[in-house]
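Enquirer: Each chain, letter by letter, is given below.
2 protein chains.
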Amino acid sequence: MTSSLLVVGSVAFDSIETRAGKRDEILGGAATYISLAASHFAPINLVGVVGEDDFPDEHVELLTSRGVDITGLHRAPGRTFRWAGVYADDFSSRTTLDTQLGVFADFDPQIPEAYSGSRYLLLGNIHPALQLKVLDAVDAGCFVAADTMNLWIDTTLDELKQVIARADLLVINDEESFMLTGEPQIATAAPKIIEMGPKYLIIKRGEHGAFLFTAETTFFAPAVPLADVIDPTGAGDCFAAGLLGLVAGTDSTDPATIKRGMVYGAATASFACEGFGVERIATVSRDEIEARFQTLRDLVSLD
Amino acid sequence: MTSSLLVVGSVAFDSIETRAGKRDEILGGAATYISLAASHFAPINLVGVVGEDDFPDEHVELLTSRGVDITGLHRAPGRTFRWAGVYADDFSSRTTLDTQLGVFADFDPQIPEAYSGSRYLLLGNIHPALQLKVLDAVDAGCFVAADTMNLWIDTTLDELKQVIARADLLVINDEESFMLTGEPQIATAAPKIIEMGPKYLIIKRGEHGAFLFTAETTFFAPAVPLADVIDPTGAGDCFAAGLLGLVAGTDSTDPATIKRGMVYGAATASFACEGFGVERIATVSRDEIEARFQTLRDLVSLD
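Each protein sequence line maps, in turn, to chains A and B. In this text, residue positions in the first sequence follow my numbering: the first is 1, and each later residue adds one. In this text, residue positions in the second sequence follow my numbering: the first is 1, and each later residue adds one.
These are calculated hints, taken from the structure and not from any lab test. Warning: the hint list may mix true and false statements.
Since the list can't tell identical chains apart, any single copy or any two copies may satisfy a pair.
[To be verified] SDA-like cross-link-like pairs, simulated, lysine to any residue; straight-line CA separation at most 25 Å: (1) Lys199 x Ser301; (2) Lys161 x Glu113; (3) Lys259 x Ala215; (4) Lys22 x Gln185; (5) Lys259 x His208; (6) Lys22 x Thr214; (7) Lys199 x Asp298; (8) Lys259 x Ser116; (9) Lys192 x Asp89; (10) Lys161 x Pro184; (11) Lys192 x Arg94; (12) Lys199 x Gly182; (13) Lys192 x Asp139; (14) Lys192 x Asn173; (15) Lys192 x Glu274; (16) Lys192 x Asp228; (17) Lys199 x Glu274; (18) Lys199 x Asp303; (19) Lys192 x His208; (20) Lys133 x Gly51; (21) Lys22 x Gly182; (22) Lys192 x Thr217; (23) Lys161 x Ile26; (24) Lys199 x Pro225; (25) Lys161 x Gln110; (26) Lys192 x Pro112; (27) Lys199 x Thr188; (28) Lys259 x Asp136; (29) Lys199 x Asn150; (30) Lys259 x Thr217.
Turn these sequences into a full structure, and let the hints steer you where they fit.
Expert: Below is the structure:
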């Protein structure tokens, strides 16, 4: 059985520079990456906001061509969220050059009536107060996966902890796990975060893969060692998208599905890195994702 | 069938400071770690040098109690090699405080007659000219695994390249693979190094695990996510020891054995981190290593 995935997050224009080149104001934002990537696994219900006048039809058409329901994509007076950044040559770090929140500053996520009954939610990295608002709006029993970032750990920790307490699955990176707990290693940080509430804790380590921690088990999904990274923007979002896409698409949240979902997430994320912005994620086929899933399984096979 | 493993490298006194504590002049050196760790898998023939007067009998007895043949442990006039270093609190880097080569400065590795016929050699990180000398002394047909370090890439690249050309297996870390090739990613560095000669290339990434590259395949062995790192000194040596120990112990160099060996290497290396110096490696049992091997396989199992 397949269920739809509710995705709440940013839709943006990104200006990106990497050693592979430079692109200005291309389509980006966590909710965009997630919707396009997860659409290979499940029907997507998108909630986001863009500027009334500056968001081109071609971007809307890209989303709808992938079957994404954009009933919840609000058009507000003002400009679409813009972000600009430059990556180090080895992609180990990036520097933000500019952030213009535009209409995203007043983002007030509304869940359309048409989306009611969504049983899977992927809460992108937005202000924890907004995440809590979305949590109040979805059905009890909805499986909640939440992302966050260092900014909210620094500035709104109390509200973030309420989000974490209500999340079934939390996906963060290793630095964020250290910030949240004061622990210097993921093996000691993980149990402290699981005590905060989530059944599933996923700690991402970029090109070094991702760990799953639960009270009972630990699992590791390596990343594909890529020869041709073009632009890693959105890779983390696509990882979560592959994971939650599989969960919603198979209507299952057992540990075996979460583990398989992480491998699909790693496969999906690897494609995100192979083009600027959503270039590659927009064109990749499910067969290509399946082939890379197999590559990732072969990577750890003793045979 | 079991064959012996010839180990050539440093025997030293290490002074180590980590956030877990401080130890002065404890037993160390690559050949020591390798011999103790690999002794769980195969008989070990050690070649190294120590000071005539300052190397205590208890260290010799520790080695022989593990069945290590020390016929090739030369006692030379002078002091044993000493190293001192301090680790960052998160173990992401270490700073060398002092190096006193002592008798290691004139190390002239001699393979005793008793070791002739060794079919497996693990060449620790010593000057490439000495590595070449050892290669000339062992039988043709001996399976050669070699380690190296950034210093030799910087200072004696020509000789190092001759070692690499004659090695069946090269084990280095990611930074060294970048230095050797000028490539910024292991996926592009690996094929260039394989072209230099080794059939098997292993690129270690510390706590992030290790990759195997051959002309035909790629394999990844994760590291155990440790909650209680005490001292990572020698972990890389113990990784190579578990791998080459399995190879010699099973008298097999096929890709399946190399892959299993890497998982044993990761298991063995994890114990090295759990005590200062060789403390934990000296006391760990084969059963404990087997249990951790299974933990590492479960870590990537979808079941």
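Enquirer: Each hint: holds or not?
Expert: How the hints compare with the structure:
With identical chains, the CA atoms of Lys199 and Ser301 are at most 25 Å apart between copies only, with a shortest distance of 19 Å across copies and 28 Å within one. Neither within a single protomer nor between protomers do Lys161 and Glu113 lie at most 25 Å apart by alpha-carbon distance, with minima of 28 Å and 67 Å respectively. Proximity of Lys259 to Ala215 under the C-alpha cut-off of 25 Å is restricted to the intra-copy arrangement: shortest distance 15 Å within a copy versus 30 Å between copies. Taking the shortest alpha-carbon separations for Lys22 and Gln185, only the inter-copy value of 20 Å comes in at or below 25 Å, while the best intra-copy value is 35 Å.
Taking CA atoms no more than 25 Å apart as the test, Lys259 paired with His208 passes in both settings, with 16 Å inside one copy and 19 Å between copies. Proximity of Lys22 and Thr214 under a CA criterion of 25 Å is satisfied in neither setting, with 40 Å inside one chain copy and 34 Å between copies. In this assembly of identical chains, the alpha carbons of Lys199 and Asp298 lie at most 25 Å apart only when taken from different copies (19 Å versus 28 Å within one copy). In the homo-oligomer, the alpha carbons of Lys259 and Ser116 never lie at most 25 Å apart, since the shortest distance is 28 Å inside one protomer and 49 Å across protomers.
For a Cα distance limit of 25 Å, the shortest separation of Lys192 from Asp89 across copies, 20 Å, qualifies, whereas the shortest one inside one copy, 35 Å, does not. Proximity of Lys161 and Pro184 under a CA criterion of 25 Å is satisfied intra-copy only: 20 Å inside one chain copy versus 38 Å between copies. With identical chains, the CA atoms of Lys192 and Arg94 are never at most 25 Å apart, being 29 Å at best within one copy and 28 Å at best between copies. Proximity of Lys199 to Gly182 under the C-alpha cut-off of 25 Å is restricted to the intra-copy arrangement: shortest distance 21 Å within a copy versus 44 Å between copies.
Within a single copy, Lys192 and Asp139 get their C-alpha atoms no closer than 28 Å, and across copies no closer than 55 Å, so neither meets the 25 Å cut-off. In this assembly of identical chains, Lys192 and Asn173 lie within 25 Å of each other by CA distance solely inside one copy; the values are 15 Å within and 32 Å between copies. Taking the shortest Cα distances, Lys192 and Glu274 sit within 25 Å of each other only across copies (21 Å), while inside one copy they are farther apart (35 Å). For the identical chains of this complex, Lys192 and Asp228 are inter-copy neighbours only, at 15 Å across copies versus 37 Å inside a copy, given an alpha-carbon limit of 25 Å.
For the homomeric pair Lys199 and Glu274, neither the shortest alpha-carbon distance inside one copy (32 Å) nor that between copies (29 Å) is at most 25 Å. For the identical chains of this complex, Lys199 and Asp303 are inter-copy neighbours only, at 18 Å across copies versus 33 Å inside a copy, given an alpha-carbon limit of 25 Å. In this assembly of identical chains, Lys192 and His208 lie within 25 Å of each other by CA distance both inside one copy and across copies; the values are 22 Å within and 22 Å between. Taking CA atoms no more than 25 Å apart as the test, Lys133 paired with Gly51 passes inside one copy only; the shortest distance there is 22 Å, against 71 Å between copies.
Taking CA atoms no more than 25 Å apart as the test, Lys22 paired with Gly182 passes between copies only; the shortest distance there is 23 Å, against 37 Å inside one copy. Proximity of Lys192 to Thr217 under the C-alpha cut-off of 25 Å is restricted to the intra-copy arrangement: shortest distance 15 Å within a copy versus 38 Å between copies. Taking identical chains as interchangeable, the C-alpha atoms of Lys161 and Ile26 are never at most 25 Å apart, the minima being 33 Å within one chain and 45 Å between chains. Only between protomers do Lys199 and Pro225 lie at most 25 Å apart by alpha-carbon distance; the minimum there is 19 Å, versus 29 Å within a single protomer.
Proximity of Lys161 and Gln110 under a CA criterion of 25 Å is satisfied intra-copy only: 22 Å inside one chain copy versus 63 Å between copies. When the C-alpha separation of Lys192 and Pro112 is checked against a cutoff of 25 Å, the pair qualifies neither within a copy, at 36 Å, nor between copies, at 54 Å. Taking identical chains as interchangeable, the C-alpha atoms of Lys199 and Thr188 lie at most 25 Å apart only when both belong to the same chain, with a minimum of 16 Å there against 38 Å between chains. Taking the shortest Cα distances, Lys259 and Asp136 never come within 25 Å of each other, neither inside one copy (28 Å) nor across copies (49 Å).
Taking identical chains as interchangeable, the C-alpha atoms of Lys199 and Asn150 lie at most 25 Å apart only when both belong to the same chain, with a minimum of 21 Å there against 43 Å between chains. When the C-alpha separation of Lys259 and Thr217 is checked against a cutoff of 25 Å, the pair qualifies both within a copy, at 11 Å, and between copies, at 24 Å.
When each numbered hint is compared with the structure, violations occur for hints 2, 6, 8, 11, 13, 17, 23, 26 and 28.
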